[in-house]
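Q: The primary structure of each chain is shown beneath.
Protein chains: 2
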Amino acid sequence: MNNAVSASDLSLFKSELTAIAEATNAELDRLLPPVAGPEGRVVDAMRYAALDGGKRLRPFLACAAGDLFDVPRARSLRAACAIEMVHCYSLVHDDLPAMDDDDLRRGRPTVHRKYDEATAILAGDALLTEAFAVLADPATHPDGAVRASLVAELARASGAAGMVGGQMIDLAAATLNLDEAGLKRLQNLKTGCLIAVGCRMGAILGAASPFVVEQLGQYGMDMGLAFQIADDVLDVESTAAETGKATGKDAAAGKDTFVSRLGLEGAKNLANTLALQAGNHLASFGKKAQLLQQAAMFAVTRRN
Amino acid sequence: MNNAVSASDLSLFKSELTAIAEATNAELDRLLPPVAGPEGRVVDAMRYAALDGGKRLRPFLACAAGDLFDVPRARSLRAACAIEMVHCYSLVHDDLPAMDDDDLRRGRPTVHRKYDEATAILAGDALLTEAFAVLADPATHPDGAVRASLVAELARASGAAGMVGGQMIDLAAATLNLDEAGLKRLQNLKTGCLIAVGCRMGAILGAASPFVVEQLGQYGMDMGLAFQIADDVLDVESTAAETGKATGKDAAAGKDTFVSRLGLEGAKNLANTLALQAGNHLASFGKKAQLLQQAAMFAVTRRN
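Going down the list, the sequences are from chains A and B.
For the first sequence, my numbering assigns the number 782 to the initial residue and increments by one for each residue that follows.
For the second sequence, my numbering assigns the number 782 to the initial residue and increments by one for each residue that follows.
Because the hints were derived from the structure by calculation, they are not lab data.
Bear in mind the structure is a predicted one, so any value in this text is a computation, not a measurement.
Any given hint might turn out to be false.
A pair holds if it fits inside one copy or across any two, identical chains being indistinguishable in the list.
Stated by the list, open to error - Listed next, the in silico DMTMM-like pairs over lysine to aspartate or glutamate satisfying Cα-Cα at most 25 Å (straight line):
no.: 1; residue 1: Lys1036; residue 2: Asp851
no.: 2; residue 1: Lys1068; residue 2: Asp960
no.: 3; residue 1: Lys1068; residue 2: Asp883
no.: 4; residue 1: Lys965; residue 2: Asp825
no.: 5; residue 1: Lys1036; residue 2: Asp897
no.: 6; residue 1: Lys895; residue 2: Asp882
no.: 7; residue 1: Lys1036; residue 2: Asp790
no.: 8; residue 1: Lys895; residue 2: Asp881
no.: 9; residue 1: Lys1068; residue 2: Glu808
no.: 10; residue 1: Lys965; residue 2: Glu797
no.: 11; residue 1: Lys836; residue 2: Asp881
no.: 12; residue 1: Lys836; residue 2: Asp1016
no.: 13; residue 1: Lys895; residue 2: Glu961
no.: 14; residue 1: Lys795; residue 2: Asp883
no.: 15; residue 1: Lys1068; residue 2: Asp1037
no.: 16; residue 1: Lys1069; residue 2: Glu961
no.: 17; residue 1: Lys1068; residue 2: Asp918
no.: 18; residue 1: Lys1069; residue 2: Asp1012
no.: 19; residue 1: Lys836; residue 2: Asp848
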């Protein structure tokens, strides 16, 4: 999408993204062990939802942000897994018949198709709950105030003033006739907050000042919005085989998107601008922020 | 149910239950302010689910347990509201068509009947999330380690190893042919853990030793099981007008209950035994535990 950036510039990012995704998968597997007994079914569904899927972009951002402050990866990875549990729970609930009614997710049956609706609701609930258990555990950070701060951050990003609020708006979006500012707010709430919170949590784990936490958060918000606008573009330009999910759904649902509002070129330009703006928030870190700089470029150059 | 206890013995309990319920309603109203904008709908649904309903037994237990350690009510009330948010979210999700499919709750339309299914799912999600935000806030306790510990306690009681796991078992209960031990485990997970966690949190807010936290937790588990067995008895003996919800549902659903397993008298005897056993865990507190002692008796003498 951004022709000024060549694919070779993203090699560091791509190898780290893969490495962190593998570490995240292993840690989630450890954090969500199978359980015997009749309640084991919900744990199976949690594992089905959380393991072995997705780019693990949010875990990447938490770890890469932590790297800026030399946070041990063992700690940032726990924060990363908590965020990913929230992300995965939101996908499980969003896919339900009463919400987006999706049969496929990452090329596999959605949780309510693989199990049943009740199990999917419960698995989502339990993943959300477990995310806070992970953050509150002393293994995440020896300082209780840091752990409580991480819990507060994740709750704010995920709740009615964040992700859930965004999903509520999205469900009404077809009737709201949102303008560009309304679309930005919808996306910032629905996906931006949870992308940004990983960056903020990396900084909090590193005892960064509130100002620096905010800088990382701004990077995350701009990067996240660029990522979502790129999603709208991909929804129009790509095929299901490339993205692993149904495409053209937004237009079919009559929802306004950045592409329907700004046109294909306008949406691409806005995404590129946001990706550059995201990088500007990291200027004070210089070369050390290379990984996050490449991530912002990836957001607007990816094909899936 | 327990003829050895006269109604007049519970006067202290009844006045405190009312007072704490009113304080809980006011605090929840403050913690969940209405929100303008298109996401306001989910906040309205959260308020509908959380305000002005129920006995507030869990908040009572958190406050009464805190009283044993002279915890300021302003603190125990925040913990109480967090637990109540989790309790209310669980009711919203349990009532969904994919779960128990209930139209009425406390004599009013359930959230998905009043709003819609998607809004009910999201309102439950956001109430669960907000519970952890409340606990993580410094207003709950100045010591971050205490706040993180409260988060860990609530998450453990609510997740796959607690309430959600119990609900998963309950959904399969009609086919499991549970014996008495299986029924006890189901109820301990589904409702006991969340009742006990209030007692535990009151003790944690009061810097009690792990041994004493465990004593309070045992009181809560026994009291909670007594309460649930009494529910089974009421389901058989009472009318919808008395309990404010449909009765006779367990038998109609073909589910084993303590009454179907032990008979009406056997179930009553077990409930009474558990209520007395609950009180025994409080022996070391003497007269100071009078309120919690009366609560255990109330569990088995109430008519709704």
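Q: Should lysine 895 paired with aspartate 882 be assigned to within, between, both, or neither, using CA atoms and 25 Å as the limit?
A: both (13 Å within a copy, 21 Å between copies)
Q: Within a copy, between copies, both or neither: where do lysine 965 and glutamate 797 come within 25 Å Cα-Cα?
A: Cα proximity of lysine 965 and glutamate 797: none, with 29 Å in one copy and 48 Å across.
Q: At 25 Å max between alpha carbons, let me know whether lysine 1036 reaches aspartate 851 within a copy, between copies, both or neither.
A: Classified as neither; 43 Å inside a copy, 55 Å across copies.
Q: Classify it for me, lysine 836 with aspartate 848: is the Cα-Cα distance of at most 25 Å met within a copy, between copies, both or neither?
A: Within. Shortest intra-copy distance 19 Å satisfies the 25 Å Cα cut-off; inter-copy 49 Å does not.
Q: For the identical chains here, do lysine 895 and aspartate 881 meet the 25 Å Cα criterion within one copy, between copies, both, or neither?
A: Both, since 16 Å and 20 Å are each at most 25 Å.
Q: Checking an output row: lysine 1068 and aspartate 883, CA cutoff 25 Å. Within, between, both or neither?
A: neither (42 Å within a copy, 58 Å between copies)
Q: For lysine 1068 vs aspartate 1037, is the C-alpha pair at or below 25 Å within one copy, between two copies, both, or neither?
A: Neither: 38 Å inside a chain and 65 Å across chains, both beyond 25 Å.
Q: How do lysine 1068 and glutamate 808 come out at 25 Å by Cα distance, when the copy is not named: within, between, both, or neither?
A: The answer is neither: 29 Å in one copy and 49 Å across copies each exceed 25 Å.
Q: Could you place lysine 1069 and glutamate 961 in one of the four classes (within, between, both, neither) given a Cα distance threshold of 25 Å?
A: neither (34 Å within a copy, 61 Å between copies)
Q: Go through the copies and call it for lysine 1036 and aspartate 897: within, between, both or neither, with a Cα cutoff of 25 Å.
A: between (28 Å within a copy, 20 Å between copies)
Q: Have a look at lysine 1068 and aspartate 960 and pick one of within, between, both or neither, based on CA distance no larger than 25 Å.
A: neither (38 Å within a copy, 64 Å between copies)
Q: Taking 25 Å as the upper bound on the Cα-Cα distance, should lysine 965 and aspartate 825 be classified as within, between, both, or neither?
A: Result: close only across copies, 23 Å inter versus 36 Å intra.
Checked against the numbered hints listed earlier, the structure breaks hints 1, 2, 3, 7, 9, 10, 13, 14, 15, 16, 17, 18; every other hint is satisfied.
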